[in-house]
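Participant: Given chain A, work out where chain B should sit, using these hints.
Protein chains: 2
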Amino acid sequence: MFDNKETTGINHLGEFGLIDHLTKNIELKQPGTLKGIGDDAAVLDFTGKKTLISTDMLLEGIHFDLAYTPFKHLGYKAIQVNLSDVYAMNATPSQVTVSIGVSSKFPLEAIEELYQGIYVACEKYNVDLVGGDTSASKQGLIISVTVLGYADEADIVYRNTAQEGDLICVSGDLGGAYTGLQLLEREKLVYLENPNIQPDLEGKDYIVERQLKPEARKDIVELLKAWSVTPTAMIDVSDGLASEVLHICTQSNKGCNLYEEKIPIDPMTYETAREFNLDPTICALSGGEDYELLFTIKQADYDKLKNHPDISIIGHITEASAGRNLITKAGAVHELKAQGWNAFKNSQG
Amino acid sequence: MFDNKETTGINHLGEFGLIDHLTKNIELKQPGTLKGIGDDAAVLDFTGKKTLISTDMLLEGIHFDLAYTPFKHLGYKAIQVNLSDVYAMNATPSQVTVSIGVSSKFPLEAIEELYQGIYVACEKYNVDLVGGDTSASKQGLIISVTVLGYADEADIVYRNTAQEGDLICVSGDLGGAYTGLQLLEREKLVYLENPNIQPDLEGKDYIVERQLKPEARKDIVELLKAWSVTPTAMIDVSDGLASEVLHICTQSNKGCNLYEEKIPIDPMTYETAREFNLDPTICALSGGEDYELLFTIKQADYDKLKNHPDISIIGHITEASAGRNLITKAGAVHELKAQGWNAFKNSQG
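Each protein sequence line maps, in turn, to chains A and B.
Note that my numbering has the first sequence beginning at 2, numbered continuously upward.
Note that my numbering has the second sequence beginning at 2, numbered continuously upward.
Only chain A is shown next, with the shape it has when bound in the complex (with noise of 0.2 Å):
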């Protein structure tokens, strides 16, 4: 991607510092922000809000792989994750930190697209850049990023929170992330085999978009203020919908039904998952990656969301005793079971 020659040593940068490099055009927005990048400390004023603070962390062949995924992209992502936990909890992200570990391997032109991706989504999404480390690194690309946003207290939405009879819904659509995945592991075996052939993503932009440049859904967040919908619990969708149903009932200590017809799976996803010879639901509810808003919400407020085209409901909320159901389309009951992508992966958010 980066021609030797036309490009830049990171390691000679010199005390000028890549921190400094890179953070040297940074505009604050936020009113928030007294103090961004240059001292100890970032300060910062959240006078008469509740602060809310998630942490993600990016690695190089656990969490994206080079082979087929843009640096900018991959900056854009790695902000987005964090934002998601902050929409997550009914509330604004405001500042983020940005922590990056560099292997000499990676001229500088590449990490300048790393943080224009870093900085397309914080000017998209309103929040600043107040504060990071960045470090030479031995083994590959690590990106590790805080986010900070605020809120009434009022309007937190906690997962633990869900009551008997609430409507389980979810935004958008789910599955995407994991089959584009799939698609991309896909070309990018074919282009070791032989690098000659080009890629075949042909008319799957869409899916490819889900994984490599998913957004946080703030609009959802927003729709629901408008609305005067508060959920009665809420978790993003990071890690598959199954485990997101399974978190909130845990939490909440209740049981529910999910119908899987109910389920949301774009005609890309579907068509590219049987492609696969893998079953649609379950790239839905084991995925992950989609980045999606699962809530709660309580029965009366069903006619204020029932007709909006980018919001499921999926099942309801049961008493802790009924179990965590999935109806199928054939009309069996299974235990929801979660099945991650990654069981070793578990984060906070």
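Just the calculated beta-carbon pair ranges, DEER-fashion:
hint: 1; chain 1: B; residue 1: Ala301; chain 2: A; residue 2: Thr162; range: 49 to 57 Å
hint: 2; chain 1: A; residue 1: Ala323; chain 2: B; residue 2: Glu223; range: 51 to 59 Å
hint: 3; chain 1: A; residue 1: Lys307; chain 2: B; residue 2: Asn127; range: 47 to 55 Å
hint: 4; chain 1: B; residue 1: Asn127; chain 2: A; residue 2: Gly332; range: 53 to 61 Å
hint: 5; chain 1: A; residue 1: Asp280; chain 2: B; residue 2: Lys106; range: 33 to 41 Å
hint: 6; chain 1: A; residue 1: Glu186; chain 2: B; residue 2: Asn278; range: 51 to 59 Å
Think of the hints as simulated: they come from the structure by calculation, not from any bench.
Keep in mind that this is a model prediction, so the values were computed, not measured.
For each residue, glycine too, the CB sits at the ideal point set by N, CA and C.
Facilitator: Chain B in isolation, oriented as in the chain A frame:
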């Protein structure tokens, strides 16, 4: 260090999850921590205060060497280097998040020891662990810490507010962490050549501990408060005295006179530097990782500090045009230059 027969593989924790296992006994102590680990984000209350945030990442092979770094010390140090950044703002740290990347080569017991060190530091400094992310790593051990703190706005001390005539002060002594590192590196080489030879660190506890288990200078911040001394500028010594003095001068647009004979160096540091044919003053100026506080005060505050054994007055601030000068013991005047231990590393903190 860990006998494989008695250890537990990280991969076998199953859906219980590594982070749950490591954080299940947390007791929150800060009244401002409304919700800690267990949701998409932690919820904090900074009512009436400004919020400080800083972040630092430690990478195996770059910032630490597991050949001679006990996991417990490493966890402790990862917290201290972050707390130090908040104290350097004259503020009080209150919460941390910790993300780790761990390769499966580590037994669970190693990671538990790492967290023991983290918890000991949190307990001692009264900060809550409120979030984090745990992931598999294909490479080595990665630790990313973000710290939050608070202060009244009027108490916050920046780097860019030193005034002409202010006295330059530093806590503790300098160069110890660097000479301790030289010692540990030498004993590692001896061990690699002949594993039957035990490391010879006798009588060197102080400088070894300076390297492996630094302490953030909470006591100095409290002392200054008790004396009603607000520094005019402050920074912590992470990259070496010269680098930090230059940060204050550059950001304040001032010059300085720094007196070599006033730079506090412990006798053990001095002696060990000489053993390695190193100039002790260079170790203090460029060694880094001492995590002492460098600050400037008004001359009117001189009498309050002058007799304290743990604070040294090492120079004064001048107008910018006078330059940044190091006056040697022989009376020669040199331009002060930064030669940090790792030119590529350049952090906010």
